[in-house]
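Below, each chain spelled out in residue letters.
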Amino acid sequence: MDAADLSTMPSEAARRSAITRPKRSPDLMRRRIRIAIGFFSLAYLALVGRLVMFGMAPPTSGTSYDASAGLGTGRPDLVDRNGEILATDIKMSSLYGEPRNIYDPDEAAEAIHGVLPDLDVDTLRRKLTGNAGFVWLKRELTPLQQNKIHALGIPGIGFLTENKRFYPGGSTASHLVGIVNVDNQGIAGIEKYVDDHWLRDLHAAGFAKGEDLEPVKLSIDLRVQHILRDELQQGIDRYHAKAASGVILNAHTGEVMAMASLPDFDPNNPYNATQPDRLNRVSAGAFELGSVFKSFTFAMGFDSGKVTMNDTFDASHPLRFGKFAIHDFHAKNRVLTTPEVFIYSSNVGSARMALRLGPEGQRAYLQRFGLLSKPQTELPEVAAPIVPRRWADITTATIAFGHGIAVTPLQVAVADAALVNGGKLIPPTFMPRTQEEADKLAVQVVKPETSDKLRYLFALNVEPGKGGSGSRAAVPGYNVGGKTGTAEKVEHGHYSATKRLNSFLAAFPIDDPQFVVLVVIDEPQAEKQGMGATAGLNAAPMVGAVIRRAAAILGVKPRTKMPDGAILVSN
Amino acid sequence: MVSRADRSRFAEWWWTVDKFLLAGFVGLMLGGVILSLAGSPAVAERLGYDSFHFVKRHLLFFFPALAVLVGTSFLTPRQVRRVALVVLVVSILCMMATLFIGIEVKGARRWFNIFGLSIQASEFMKPAFIVIVAWLFSENARRTDVPGNLFALILLGIAVSLLIAEPDFGQTMLITIAWGAMFFMAGLPWIWIAGLAAAAVGGVFAAYVALPHVAGRIDRFLTPGTGDTFQVDTALESIVRGGWLGRGPGEGTVKRILPDAHTDFIFAVAAEEFGIILCICLVMVFALVILRGLSDSLKSDDGFVRLASAGLVCLFGVQSFINMAVNLHLMPAKGMTLPFISYGGSSMIAVAFGMGLLLALTRRGREPRRIVAKLASPIADASAATVA
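In the order they appear, the protein sequences are chains A and B.
The numbers in the first sequence follow the numbering used here, run straight up by one, and end at 573.
The numbers in the second sequence follow the numbering used here, run straight up by one, and end at 418.
Short, incomplete list of chain A residues facing chain B, as computed with Cβ under 7 Å:
1. L30
2. M31
3. R32
4. F42
5. A45
6. Y46
7. L49
8. V50
9. R52
10. L53
11. F56
12. A59
13. Y105
Treat the hints as calculated values from the structure; they're not laboratory data.
Keep in mind the model is a prediction, meaning the values are calculated, not measured.
Even for Gly, the Cβ is constructed at its ideal location relative to N, Cα and C.
Let the hints inform the model, and build the full structure from the sequences given.
See the structure below:
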């Protein structure tokens with residue numbers, strides 16, 4: 003201690019160094035050591051500073067895959083008008099990997115492959131190798147698969163809870179409800195509508211976690227939907243048809259009560275939903291629907307005053323336009339009255355009727371009926387009609403009986419509702435709508451008197467014993483009225499004699515129509531050898547069957563007491 | 031407790047040794063055992079050993095290392111010099127032999143096997159080298175007839191050439207820095223310092239140009255994102271993942287993919303599992319040991335003791351700094367262990383040997399008291415101190 007104390011005295015130190023240290027003073031070394039102390043202090047402070055910097059740094063995005071992103075895709079339930087669930091979310095586990103935390107990708111890949119043999123082991127290995135922070139391995143595992151993988155105890159893999167859409171009704175309302183993709187985003191049908199309309203914005207804003215979303219109520223009735231689809235399927239089987247579609251509309255509100263198109267798909271497993279023949283034929287397919295169009299021809303004739311119930315039309319010979327000739331299918335070869343033209347479905351008669359209005363008049367009316375423009379509905383799958391570019395006299399003549407113009411069945415049903423409900427065209431909807439809301443939207447397209455006349459003709463056409471083409475659609479007690487349509491399909495640029503697109507357009511009860519039913523059946527064959535295959539033999543009875551089963555559910559009371567006092571029993 | 035009146039060798043040691051430094055070293059060794067539990071099982075499993083292979087071996091070396099630390103600290107400065115000379119000669123011979131009979135690991139011949147232990151001779155060479163260089167520098171300062179500085183330079187040349195032959199760029203750098211620091215502390219004129227600094231820069235540049243793997247490491251440090259920076263990136267990630275408080279013992283996951291998690295990158299593993307706060311504590315322990323060692327050296331009146339102890343502290347401090355700086359991405363990647371903490375049998379005993387020498391050199395009040403016991407005169411005391 004004494005030595006150290008002495009050395010701090012400069013004069014003493016200098017004196018001693020002069021004696022014993024010829025070259026260097028110990029003070030120089032002490033100064034140098036103090037400099038070294040300074041250096042080390044700075045260096046270690048730098049280490050501490052660096053550590054503090056790391057401590058302040060935000061955590062790396064190693065496993066920071068936003069787990070809520072999976073849950074953020076919650077969707078509202080879709081329910082029918084009675085609250086029956088059409089679509090709902092169920093929670094599923096999805097498997098992900100964190101390759102940077104996996105220290106043996108080979109072993110992990112083999113083990114996962116053992117539980118999920120449908121995954122390719124090489125792909126798995128490639129996914130699990132590397133320095134990525136997050137990679138999906140398999141979406142939507144069953145609870146059993148999840149348990150098995152969990153039991154493997156592989157580090158660096160994990161599960162995220164995701165929402166999976168489930169459709170309890172399977173394919174019952176597939177086209178209408180639509181489908182979602184693996185990220186639970188609506189890509190078709192009302193599911194897509196909900197996304198486009200508000201759900202995507204809600205998700206973007208970070209809301210919509212699922213449970214707190216109000217169910218979306220649709221206008222359809224699941225029971226009626228089932229009946230319609232079931233009858234369409236039976237029709238396809240019975241008449242060996244390629245396809246069938248149908249729609250039931252509320253005539254006063256425009257609500258779609260049921261809509262089906264076969265073949266369809268299972269939205270729970272929509273592997274085949276994009277096949278061309280599985281499109282929604284009701285709204286996304288435009289067809290030359292044939293004679294059902296005659297109802298529009300009659301409506302415009304009556305409404306313009308150019309045709310009355312007492313007029314006659316010469317159908318004794320085909321109508322010639324240059325090298326073309328228009329024939330009648332059920333040719334009577336005589337002069338027909340206005341109702342006869344309707345119930346015998348005379349092409350010549352309706353062509354002559356349309357010619358009285360001329361192309362301009364016809365076009366104006368079709369425009370008013372909404373048949374020349376793309377209809378606006380919630381459903382994203384809507385086709386525009388195919389309208390002739392040149393509208394000559396012959397065009398007018400063929401359009402009069404539904405050829406030369408292709409429209410969607412939904413458009414036809416909507417326009418037909420206007421013809422029977424007193425002349426009000428109401429845009430269709432898949433959401434519930436009250437009478438007041440419908441009245442606000444309604445556009446008067448024909449006079450109420452025109453509507454009365456059409457109803458009379460529709461009724462006449464179905465009424466048993468009158469020889470009308472739609473008599474097989476009659477349902478006792480429900481006063482069905484309707485019009486058949488037997489269209490020849492275009493094949494290789496010509497109208498085919500054997501391939502038909504048959505339809506039946508009906509309303510019931512026809513004295514005060516509540517609902518409009520349209521059924522279209524594609525390429526039906528004769529039920530039995532020797533029988534025909536016209537619409538009256540297949541589409542009409544299918545509509546009859548639908549009404550028989552669905553009318554009571556739709557709340558239409560049967561009138562078992564007929565005016566003559568006889569009591570009818572529904573079969 | 032040991033009585034102050036006790037005149038046994040142990041009692042004398044107990045009252046003269048710097049217990050603060052001793053506690054620091056033993057604390058670091060114990061910390062090394064605990065961190066070995068965190069860092070080494072993953073590596074052991076990866077190499078196909080049983081999980082606690084390295085932990086067991088770490089413990090196996092813990093007690094010999096402690097014995098070497100304490101045993102060496104009993105030496106007197108004169109004995110320190112002699113032991114260092116013997117160890118230096120033996121280790122240089124071993125290093126020469128290693129070049130021919132050594133085991134090649136990752137492209138370098140640094141180890142040789144003896145009695146089933148793999149020994150890295152350069153680890154033992156370092157502290158002995160420091161002591162001998164300190165002696166040469168101090169002799170140079172004391173006596174004009176001995177060209178101590180020249181011998182020190184020749185000795186550096188021998189050590190550096192042997193290390194480069196292995197090759198071991200990190201140790202070369204460490205030895206050169208320590209040698210330079212000692213030369214600096216010995217009183218090198220500033221003009222020389224500037225010259226040597228230029229030479230050092232030139233040397234690094236030459237290494238950059240001549241040795242591709244050195245160039246690669248420096249390039250990767252300067253331009254992150256190019257080439258393979260897996261080790262350093264992974265180390266950084268484990269530090270950041272740990273956060274302030276760490277993920278908890280055994281909860282680290284990055285260590286599983288971090289190469290050399292039990293040796294060069296033990297610091298990063300410590301950060302992931304025990305947190306940045308503990309790492310700061312670890313840095314503080316190292317810093318305090320270094321500052322204590324240097325201030326101890328200030329107190330000595332003997333030029334050799336002063337220079338040798340400061341040199342040993344520099345060796346220890348620079349090595350620790352480089353290791354932690356690499357872990358924290360403040361320096362290019364360099365294979366350097368963290369003294370007392372990293373796994374490595376011969377390395378741990380060598381560090382214990384070096385720090386035992388430091389403890390021996392920094393024992394205080396020994397000579398004065400012995401002299402006081404003989405001649406109870408302050409004047410005699412002062413004169414005795416100057417010639418000791």
